[in-house]
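Given the structure of chain C, go ahead and fit chain S onto it with the hints provided.
There are 2 protein chains.
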Amino acid sequence: MKLSSLILILTTISFVSTDVPKITTPVNSINRPVIHLTPPYGWMNDPNGLWYDEKDSLWHVYYQFNPNATHWNLPLYWGHATSPDGLNWNHTGVAVAPYDKKSGAYSGSCVVDDENTSGFFSGATELDQSKRVIAIWTFNHHNSWAESQYISYSIDGGVSFKDYRMNPVASINSTQYRDPQVIKYVNGNDKWWVMSVAKSHQYRIQFYKSNNLKNWKRTSYFELYGLLGYQYECPNLAKIRYEGETGDWKTQADKNGGYLWVLFISINPGSLQGGSSTEYFIGTFDGLAFTPIKNYAAPIDYGKDFYALQVFFNSPKDGDNSQVHAIAWTSNWQYCATVPTDNWRSSMSLIRKLQLTDFESAPGTKIAFIKSTPLINNENLRFGSTASFDSTTTKLDYFHPKHTIDFSDSLNGVIKFTLTWTVTNGQWTKSNPANFYLDFKGYALPDEYLRIGYQAEAGAFFVDRGNTNVEWVHTNRFFTDKISVNVQPNSDGSYSVNGIIDRNIIELYFGEGFQVLTNTFFMTGGNFIGSVDVSLDMIAYDFDKNQYCEPFTLKLEAQQILDANNS
Amino acid sequence: MKLSSLILILTTISFVSTDVPKITTPVNSINRPVIHLTPPYGWMNDPNGLWYDEKDSLWHVYYQFNPNATHWNLPLYWGHATSPDGLNWNHTGVAVAPYDKKSGAYSGSCVVDDENTSGFFSGATELDQSKRVIAIWTFNHHNSWAESQYISYSIDGGVSFKDYRMNPVASINSTQYRDPQVIKYVNGNDKWWVMSVAKSHQYRIQFYKSNNLKNWKRTSYFELYGLLGYQYECPNLAKIRYEGETGDWKTQADKNGGYLWVLFISINPGSLQGGSSTEYFIGTFDGLAFTPIKNYAAPIDYGKDFYALQVFFNSPKDGDNSQVHAIAWTSNWQYCATVPTDNWRSSMSLIRKLQLTDFESAPGTKIAFIKSTPLINNENLRFGSTASFDSTTTKLDYFHPKHTIDFSDSLNGVIKFTLTWTVTNGQWTKSNPANFYLDFKGYALPDEYLRIGYQAEAGAFFVDRGNTNVEWVHTNRFFTDKISVNVQPNSDGSYSVNGIIDRNIIELYFGEGFQVLTNTFFMTGGNFIGSVDVSLDMIAYDFDKNQYCEPFTLKLEAQQILDANNS
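Chains as they are written, first to last, in this note's numbering: chain C, 6 to 572; chain S, 6 to 572.
Bound-form chain C, shown alone (with noise of 0.2 Å):
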C-alpha cells in the first residue's frame, strides 16, 4: 500500500478506534459476494500471510484491513479468515496490529517455521509443528513513512501474533520499502530461508538470505523488468513444477528436478489496462539469484481486477508433488475507494492452483506459461436452478437470432457455467461466423445486464460491464466498460470457458485456464440474474451459397449457487 492512494474524503471524517477490533461476524449485505472472501465490514486490500495448514486442511487467508471504514486509511491491520474449502470463509478478527495507530502493518506473508528455526516456538510444546507460524510484514511509521519489515510470531495456530522484540528484521531507511515474502529454499540438505522485498520506486526485487528469519543477508537483486508502470509491489517466488517438454524450460527443468521458478511482480499505478495489475517471469533460483529463462512478461490475469497476487506457503500435496496456489485482489486503485458496495468494500479472487506449462500462445509456438484453474469443489457446493443452451438442437439464425434461458427459481446471484463453441479451423470464415454473445440479465430490472461475447475477426472474448443502471458505473472515471483478451483455441479446435459469476465479480477461465479474464461488476443491489439471452451477434451471408450462413456450434451449461454449504 502507499501514499498516493489516499482517500478523498468528501463530507465526513472517519474516526479511528484505538482498539483493535474484535468483531468477527461479517453484516450481510445484498451485494455481497457468496464464496468469494470478502472484509466483514470496513475496507479490505492486498491478500496478506497466506499459508495453508497442512494438518488441518485450512486455508488462511490474511488482507489488508481497515476497520473504521470502507476506504484505505491508516491505522491499517491485517484481517483474518479461513476455510476448509477456499469457498466458506471464517473471520477470525485482526491478527496483525501496527504499533501505533498512525501507522499501518502492512504487506507481507507467513511461513510455518516447523523446524523452530526462529526459536520463538521453544516453549510452546503444544503447538503443532505444522502450525508455527511467523508472519513477516511491513511497518510504516508514521514520523517518517520509513518502511521496515517486522517479524511477529504466533503460538494458536495463525489467529494472533505476538510481535519479535528486536524488530525491524531489515530497515534501509527508505520509504519504499515493502512487501516482504518468505519462502523455504530447499536444496538436498541445504536449507534456508529466503525473502523478496520490492524496492517499489526502483522498479527493483531484492532478495535475502537467513538461517533463522531475524538475521537477514542480502543476496542479489532483480530490477527493470517487463512492464514497469510507477512501481513494483507485492513480489511473489514460487517453485513450481514444469510440466512442458520445450526448449531452454525443458532443459533447465531437467537440471532442477524438474522444477522451475516463477516471480509475480504487482505494478500499480500504471498498468496498460489502466491501474493495477500483475505479471509474471519464469525462470530458475539457485536460493540466491532468479535468472529469467527468457525475457517476456506474461499477464497473470488479463481483467482490470486482479492485484497483488499472494502465493500460500504450503498447498496440498498431490501425490509427491508440491502444489502451488495463489489469491489475489479482486480490485483496481483507480476506482477500489469508491465502488458501490455498502459497508465493506473489495474481495479476492478464488484460491488458483498455478501450474506451469506449455501454452501455444500462437499457432505451432510454445512457450511456457503459468495456467490457472479456480479451487471450487461441485461437493461443497449447494445448486439452484440450472440452464443449458446448445446450438445444434435450439437453432439460432438470421430469423432468430436470440433465444432466453429463464433461471430464475432460485435467484442468488451466484452462477457458475462453461461455454464451449467452434470456429471452423480455427479461424472465422465466411461461412462459419462465430460471432455470439450472452447477456446475464437482472431478473428485477431486465433492463441490466452483464454481457460477454466472442468475436472470432477479433481473436477476442469480451466482458461489457457497462449495461446497469448503477451510476457510478458510468461516473467513475476509471471503471472501463468493455474488458477483453485474445483466446487461443484448446488442442482440439475448440473454444471454451469456465466462469463464476458472484454478485459483483466475473472470472473467466478460458480453455486450459492459461488466460483468465476477472472483473468486477455492479448492477442494482438485489437485481440478480434471472436470465439469460444468447444471441447471434451478426449473421453472415454466404455469397457462395447464396443462403444466411450455418450458425455456429455453441453450448452453455449453467448452474445458480445458492451457497457453499460443505457441511
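It is possible that part of the hints are untrue.
Repeated chains share a single entry, so a pair holds when one copy, or any two copies, can fit it.
Calculated lysine-lysine pairs in the DSS-like style (CA-CA distance at most 30 Å, straight line) [claimed, not checked]:
# : residue 1 : residue 2
1 : K222      : K371
2 : K407      : K560
3 : K167      : K106
4 : K214      : K371
5 : K214      : K299
6 : K260      : K358
7 : K219      : K107
FYI, nobody ran anything at the bench for these hints, they're computed from the structure.
Okay, now just chain S, sitting in the frame of chain C:
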C-alpha cells in the same frame, strides 16, 4: 497484416478492381481529420516505407491501402502521400502493387540508396541521389499465403516503383514472415544494410545484413521479450542519440558516440489495452545483433489507437544530429473494420519526433525512455477562435464547480490545446484537491462530449469517449469507453498536457512527452466541438480549516484550427 483480421461482410460484396486506381483526390467527408493523414477513400492500415526527402524537404508516407472497400481485403496496395509539414497531405496514388490481384503488397519500408549499392539507379542519371528510393516489402502469395520479402525501386522519387526481377530477396516458406524494415548501418568506414523481419508467431525479430539490398545474410535474432500477445509485427530499429546521464545507458552511449538503439515491436492481438499496441526496447546494436541494456518493455503510447509504429528513413537534420521521426496507425484491429466513418477508414498519427533521454518514472528513479513531440508548427496552421481558462482568475469551488467556455464561432472539430495544473508537493492532499475534467462539447448536440480529466488519487489522466449518440460506440464489443495513463509531474512539480483533437482523434502528450495517449472517438457527424466545460470533479472539505478546500491551479489555452494552410 494477417488473415485473422478478415472482415465480416454483412449484406454487400466488394468487387475488386483489376486496375491500380489512379484517383488521387480525397473525397470530402464531414468526419475526416483535417491535419492527420487519411486515405483518399477506401481502407488504410499500417504505415509503410516512410522516408524523408532531404532535397525537397518532403515527408513521404506510404500505407497499406485497399481502394476497393472501407475494410481490409485483397488486393492490398501501398498508397502514397507526401507532406511538406506533416499537416498538409498530398495524395499521389498507388505506389506499390501486388503481382497478383488476389494477393497483397504487405507492409515494409523504404531506404534511400544514395550510393547506388543496388545498381538499380545506374541508368537514372538525372535522378538526384537523395531520391534513389527502394521499397522493401512483403509479398504474400494467395496460393500458399507464404510471405516473402520483395524489393522495388523508384526512379521518379518514390511515386512509382518497379519490381526487382529476381524477387524475392528473402524467403523461408513461412506464412508468418513479414514487415521488413531496412536501415543503413554505418560504423566509421564500414556500412551495410540491415533488415529486421518479424517471424510473427515465433515472437522473433530476425536480423539480416546486405551490401546491395538484394543478397541478405542472416545475422541474429531477438525473441520472446516484453509483452508477447498473439504475435509480433512491424519491427523497427532506430539509432537515436541518448540525451540522458544515467547508469548503463550513459556508459553504453559513451562507448557508441553518444547513441543507443531502440527496437520497436508491435503486438496484435493480445495487447493489454485490448487488441493492438506498440512496445520498445532500448539497447545497443553492432550492425549484427541487438542487445538490450535493461529488460523492460516500454509502451510508446498508452492509448488504444496507436499501432504498427514505423520510423522514417532519414529525417531533417538538427545541426550535426540525426533526428528520428515516426508515425503509427491510429486504429485497433479489434474494431477498425467498422468504425463509423463514411467513404474511408483509419488515419495515421501526427509525425512524432522521438528522443531518448532520462524519465523520472517514479520519484528518484530515472530510466531511459522515449519522449515524443508531435510535428506541428503553428506557422503552418490557420487558427480560428480561442478559448482559455485560468483558475486563479476564474474561481471554481463547491458552489461554482463548472465554467463554460464558448468558442463556437469557427466550428471545425480541430483543436490544439495546452492544459497545466498543479498538485501540492506532487501529491494529492486533502487541502488541495486536483481532480478536474473538461468536456469538449458538440455545438449542434451538446449532450455529446469528449471528456478528459485528471484524478490525483489515481495518479491518472483519463479520456472518456463514451458520451456520444453514435450507436456503434456503444454496441461495438471492443470500443472501450475509459482509457487512462498514470502521469508523472514535470520537474517543477506541475503537470501539463499538450492535446490535439482532430475530428475523431485525440492525441495527448503529457509533460515532456514521455507518456502519450492516442485514441479515436466518434460523435455525430458534423457535431463539431463548440464549447468546453471545465469542472471540478470533487470538492474536498478541509476539516482543519473548517472550509471547503481551495481549488487547485488549472490553466487551459485552446485554439480552433481551421486548416493547415501553409501557402
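Going down the list of hints, with the structure as the test:
{"no.": "1", "hint": "K222 - K371", "result": "between (38 Å within a copy, 27 Å between copies)"}
{"no.": "2", "hint": "K407 - K560", "result": "within (14 Å within a copy, 51 Å between copies)"}
{"no.": "3", "hint": "K167 - K106", "result": "within (17 Å within a copy, 77 Å between copies)"}
{"no.": "4", "hint": "K214 - K371", "result": "between (34 Å within a copy, 29 Å between copies)"}
{"no.": "5", "hint": "K214 - K299", "result": "both (25 Å within a copy, 25 Å between copies)"}
{"no.": "6", "hint": "K260 - K358", "result": "within (24 Å within a copy, 48 Å between copies)"}
{"no.": "7", "hint": "K219 - K107", "result": "within (26 Å within a copy, 71 Å between copies)"}
Consistency note: the structure conflicts with none of the earlier hints.
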